[in-house]
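J.: Model the full assembly from the supplied sequences, consistent with the hints where possible.
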Amino acid sequence: FGFAGSPRELFSDHELVQRVGLLPPRIMDIAESLGDSQTYLSVNDYCQKNRDV
527 FGFAGSPREL FSDHELVQRV GLLPPRIMDI AESLGDSQTY LSVNDYCQKN
577 RDV
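Letter by letter, the sequence shown follows residues 527 to 579 of our numbering.
Misleading hints may appear alongside valid ones.
Now the in silico label distances, taken between C-beta atoms and shown as ranges [unchecked claim]:
1) S568 with L542: 31 to 41 Å
2) S559 with S538: 16 to 26 Å
3) G547 with D578: 28 to 38 Å
4) D578 with V546: 31 to 41 Å
5) D562 with P533: 34 to 44 Å
6) R545 with R577: 32 to 42 Å
7) A530 with Q564: 19 to 29 Å
8) R577 with G547: 16 to 26 Å
9) L560 with R534: 16 to 26 Å
Just so you know, these hints were derived from the structure itself, not from any lab.
Predicted model, so just to flag it, every value in this text is computed and none were measured.
The beta carbon of each residue, even a glycine, is placed where N, CA and C say it ideally should be.
T.: Rendered as structure tokens:
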């Protein structure tokens with residue numbers, strides 16, 4: 527398995543993540559349960575992107 531993109535690009539590709547058996551960052555599961563489908567790498571990343579919401 528080789529991947530030349532960024533971590534954000536990797537976790538944005540849900541099919542690839544499932545195919546190689548990776549678990550997405552937990553914050554992505556939490557955000558998805560709130561109806562948010564963006565890619566987040568950490569809780570801090572989530573907070574920064576949603577600061578003005």
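J.: Could you tell me which of the hints above the structure violates, numbers in ascending order?
T.: 1, 5 and 8
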